[in-house]
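Q: Listed in order, the protein sequences are those of chains A, B and C. Residue numbering for the first sequence is 1 to 266, as defined by our numbering. Residue numbering for the second sequence is 267 to 623, as defined by our numbering. Residue numbering for the third sequence is 624 to 894, as defined by our numbering.
Think of the hints as simulated: they come from the structure by calculation, not from any bench. Please note that a few of the clues may not be correct.
[Claimed, not checked] Some residues of chain C that are not near chain A, with every Cβ distance over 12 Å (derived):
#, residue
1, Ala648
2, Ile668
3, Glu673
4, Arg674
5, Leu677
6, Ala697
7, Pro768
8, Trp798
9, Leu800
10, Leu807
11, Gly828
12, Leu864
13, Arg879
[To be verified] Just the calculated beta-carbon pair ranges, DEER-fashion:
#, chain 1, residue 1, chain 2, residue 2, range
14, B, Gln454, C, Leu630, 51 to 61 Å
15, A, Thr23, B, Asp313, 39 to 49 Å
16, A, Thr23, C, Glu832, 51 to 61 Å
17, A, Ala134, B, Ser456, 38 to 48 Å
18, C, Gly637, B, Arg404, 26 to 36 Å
19, C, Leu775, B, Lys572, 19 to 29 Å
20, A, Thr23, B, Gln516, 41 to 51 Å
21, A, Gly230, B, Gly377, 27 to 37 Å
22, B, Gly377, C, Gly703, 42 to 52 Å
23, C, Gly703, B, Glu523, 27 to 37 Å
24, C, Leu630, B, Asn357, 29 to 39 Å
25, A, Thr23, B, Ser456, 57 to 67 Å
26, A, Leu241, C, Gly703, 31 to 41 Å
27, B, Gly445, A, Met1, 53 to 63 Å
Ideal Cβ positions, reconstructed from N, Cα and C, are used throughout, including at glycine.
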Amino acid sequence: MEGLRGYGLIVGMWIRATMAYRTSFFLMLVGNATISGLDFVGIFIMFRHVDALGGFSLPEIALLYGTSTVSLGLADLLLGNTDRIGARVRDGSLDTMLVRPVPVLAQVAADRFALRRLGRIVQGLAVTGWAVAAVDVDWTAGRVLLLPVAMVAGAAIFAAVMVAGAAFQFVAGDAAEVQNSFTYGGNTMLQYPPTIFTRELVRGVTFVIPLAFVNWVPVLHVLGRPEPLGLPGWAAYASPLVACVVLVPASLAWRAGIRSYRSTGS
Amino acid sequence: MGMDVDDVDDVRGVDDVGDVSDVGVVDDVGADEMGRGGGGDVLIELDGVRKVFDVRRRTGLLRREKRQVKAVDGISFTVARGEVVGYIGPNGAGKSTTIKMLTGILTPSGGRLRVAGIDPARERTRLAHRIGVVFGQRTTLWWDLPLKDSYGLMRRMYRIPDDRYRRNLGRCVEQLDLGDLLDVPVRQLSLGQRMRGDIAAALLHDPEVLYLDEPTIGLDVVSKAKVRGFLRELNAELGTTVLLTTHDLQDIEQLCERVMVIDHGRLMYDGPLGGLHTVGEGERTLVVDLETEHPPIDLPGTRTVKVEGPRQWLAFPAAESAAPLVAAVAERYPLLDLSVREPDIEDVIARMYAGRG
Amino acid sequence: MRLHVPLWPAVAAGGFRRYATYTTATVAGVFTNTVFGFVIAYTYIALWEERPGLGGYDQAQALTFVWVSQSLLAAGALIGGGFQEELQERIRTGDIAVDLYRPADLQCWWLAADLGRAAFQLLGRGVVPTVVGALVFPLALPGDPVRWLLFLVSVVLALVVSFALRYLVGLAAFWLLDGSGVNLMATVASIFFSGMVLPLTVFPGAFGEFVRVLPWAAMLQVPMDVLLGRHAGAAEVAGALGFQLGWAAALLGLGRLVQSAATRRVVVQGG
Chain A
1 MEGLRGYGLI VGMWIRATMA YRTSFFLMLV GNATISGLDF VGIFIMFRHV
51 DALGGFSLPE IALLYGTSTV SLGLADLLLG NTDRIGARVR DGSLDTMLVR
101 PVPVLAQVAA DRFALRRLGR IVQGLAVTGW AVAAVDVDWT AGRVLLLPVA
151 MVAGAAIFAA VMVAGAAFQF VAGDAAEVQN SFTYGGNTML QYPPTIFTRE
201 LVRGVTFVIP LAFVNWVPVL HVLGRPEPLG LPGWAAYASP LVACVVLVPA
251 SLAWRAGIRS YRSTGS
Chain B
267 MGMDVDDVDD VRGVDDVGDV SDVGVVDDVG ADEMGRGGGG DVLIELDGVR
317 KVFDVRRRTG LLRREKRQVK AVDGISFTVA RGEVVGYIGP NGAGKSTTIK
367 MLTGILTPSG GRLRVAGIDP ARERTRLAHR IGVVFGQRTT LWWDLPLKDS
417 YGLMRRMYRI PDDRYRRNLG RCVEQLDLGD LLDVPVRQLS LGQRMRGDIA
467 AALLHDPEVL YLDEPTIGLD VVSKAKVRGF LRELNAELGT TVLLTTHDLQ
517 DIEQLCERVM VIDHGRLMYD GPLGGLHTVG EGERTLVVDL ETEHPPIDLP
567 GTRTVKVEGP RQWLAFPAAE SAAPLVAAVA ERYPLLDLSV REPDIEDVIA
617 RMYAGRG
Chain C
624 MRLHVPLWPA VAAGGFRRYA TYTTATVAGV FTNTVFGFVI AYTYIALWEE
674 RPGLGGYDQA QALTFVWVSQ SLLAAGALIG GGFQEELQER IRTGDIAVDL
724 YRPADLQCWW LAADLGRAAF QLLGRGVVPT VVGALVFPLA LPGDPVRWLL
774 FLVSVVLALV VSFALRYLVG LAAFWLLDGS GVNLMATVAS IFFSGMVLPL
824 TVFPGAFGEF VRVLPWAAML QVPMDVLLGR HAGAAEVAGA LGFQLGWAAA
874 LLGLGRLVQS AATRRVVVQG G
């Protein structure tokens, strides 16, 4: 709780500081949304040449794309700066965080909070909105509700990957890019249907690093498509549970990382 | 990697100097009392504290060698409330490691350590409310934000009541001359301004003890004087305990009644500054620039250490005033410029070892 | 030219060594490029199964495009990285005045350093992804050493074009207080118009024609086409390299103009 309070305080300060330069902020917001949207433009161009990819139509892929993008956007907004922990260890600024009465993870995550990352979320929501309207689905209350729940749970799963990646940097200082391959790389994968990837790869992102629960499992259910690994039907609703489960090893890894720093000082 | 303990283990032939701490040890400290003002009760307590690092060094393309480095090797001392203590020693002696253990950043490898009755490593965040820390080499302020935003954040982070915050900030702004700097982003501040800003930030929550790691490093003369003056008043008025590491003997001279010297992770000296001077027989150096080249200056009570064109270096006892010497030089030689160099703390310590033979 | 012969190689070697010290970062980068290689490779397989021969490539060529792009990405600084932010920082702090009074030319200095960096990243980050790709997927890597040599020439030209463009971005800091907006736009353009999102030959109609003549095409699409042997005969290859050379000369020249304008500015303001 002290962590959340401290996080809120630091984030609030950064938002006030950002808003002092409104024009610059809005430009960066648009830029952020544009970068995020390039992938979708790529998909759009692909569909100038084909009608379906892996058996999925453009609106269906747009729904996968939108939900995954919103999840990554949320995690990136709230925790994206944790990948700078290696640099903090190197320049010693982690020490200054350790003498403050707020948990270090909250300080690391909140530092230089970049509100411009809302751009990715807005862009993802826009694509999701278009997909929801264009896709051929009977929108029952359950299906409508499943999308936001999956988005938030998906954000928590990405967040767990980010925290674990940050913890890994206590071991390998410059390895910030490794977590990018799971977050941004994972996101790129989740934007496409699982049918185009090999079974081993799909298994890996279902059972090892359960990114499949960010959007594949719930959204395939919404689309009425079979889940390729034949998971039971209730799995479509299991994303929040999966998120809670993966946050445990991630936070343990973080604790171990901080502990090893405090006993080695490097 | 990047530790400051590189050569700690090539121990020079220094005998164990034994337990040099002779400050009265109080067993049970009323930790939560707010009794301030140097009542003599123990605030900081170290007993046989050790810190061992595993240092991995690359010896080949893939091979790595692991060895243990004793950064702090069994240190015991106590600091009473209201004391101002200088903690000195050469680079890599274990000063910073000690400060990091006292603040809870590092967990000791062994021994017992208490600050205000709290074990720093185990209750780091609880301790954070009661200590202030200033690192000379890096800022605790938020780099891109104006000073006052950092302070506002500190106020809420430490839950400082409004009246106390206003009083403390007002005091710091006035005495550290921060009035014009509050709206300036930290990255635009000069080193001296930033240091003053950092000291203020460390004091807003009324810490019982203030740790300063090299607070005057790289500062100009005016900033140094300001910082020292402020710390003196802080201690006198509020009774805040101060523990500072430094390379600048003047910091110690002007601030500390008590000095601790650490080398190779061990406490070599603990006592008044005067004692250290006696041990070290410190000398100061007068550097004079003459109009033309001259043979070595010959004045009683000095020796000319070096001559380089029109510039000469004159050593004189550290305890003596430079004024009569300057007057004497100016009277007899065509003087262009001069400066006084303080004895380097490492010189003093080096001489200390030499004295022990 | 009145330059000391060993100066530029020495500057380049410095750039090389500087990046070579970050071993973990290099390994992590290789890992990331490889992961992205796999993900994108499967999307291209799906796309080229639907539309064989899309953009003039068969599936093996499309997969080669994916993996070799991942190998060139760090060297060409296509998604950011490189020197331009450091240059902007030196301009912002005024350190640039010192650089301008050096006897060595500013543009040549940064070019040498950036080519040194690129050389390291070509080796350190380029080899593994392509090898992994070739082991797992059927790639269309040429067996002809002449083709590889032409590819290498084309890559060097691509690196120079990339440098020249980023040099302009860096110099923008002389006129702009905050370079982050320009940097962001430069990154957007380089990701999209270089062919990293999709090969530019897949871009439809007049828009496709347009993006294929922009300077960003010289940074990735052209070297890939040289490698894949899409140019029939020596004349077409020469045309492709000439296209790169043209953009390199134009952008470097523009950089010099901007640099001298910037220098006058510094001199007028007294540094």
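Q: Within 29 to 39 Å or not, the Cβ separation of Leu630/C and Asn357/B?
A: Holds: the Cβ-Cβ distance is about 36 Å, inside 29 to 39 Å.
Q: Gly703/C and Glu523/B, beta-carbon distance inside 27 to 37 Å?
A: 55 Å, violated
Q: Looking at Leu677/C again, its CB stays over 12 Å from all of chain A?
A: 6 Å, violated
Q: Was Trp798/C rightly flagged as not at the interface, with every chain A Cβ beyond 12 Å?
A: The claim stands: Trp798/C keeps its Cβ more than 12 Å from every Cβ of chain A (closest is about 15 Å).
Q: Examine each Cβ of chain A, and state whether all of them lie more than 12 Å from the Cβ of Glu673/C.
A: 4 Å, violated
Q: Is the gap between the beta carbons of Gly230/A and Gly377/B within 27 to 37 Å?
A: Check failed, 59 Å falls outside 27 to 37 Å.
Q: Does the beta carbon distance between Gly377/B and Gly703/C stay inside 42 to 52 Å, or does it fall outside?
A: Given about 48 Å between the Cβ atoms, the range holds.
Q: Starting from the range 57 to 67 Å, see whether the pair Thr23/A and Ser456/B falls in it by beta-carbon distance.
A: 30 Å, violated
Q: Taking the shortest Cβ-to-Cβ distance between Gly828/C and chain A, state whether it exceeds 12 Å.
A: 9 Å, violated
Q: In terms of Cβ atoms, is chain A entirely out of 12 Å range of Leu800/C?
A: Violated, because the least Cβ-Cβ distance between Leu800/C and chain A comes to about 9 Å, which does not exceed 12 Å.
Q: Is it the case that Leu807/C keeps its Cβ farther than 12 Å from each residue Cβ in chain A?
A: 4 Å, violated
Q: Just tell me: holds or violated, for the beta carbon distance of Thr23/A and Asp313/B against 39 to 49 Å?
A: Distance hint for Thr23/A, Asp313/B is violated at roughly 59 Å.
Checked against the numbered hints given earlier, the structure breaks hints 1, 2, 3, 4, 5, 6, 9, 10, 11, 14, 15, 16, 17, 19, 21, 23, 25, 27 and satisfies all the rest.
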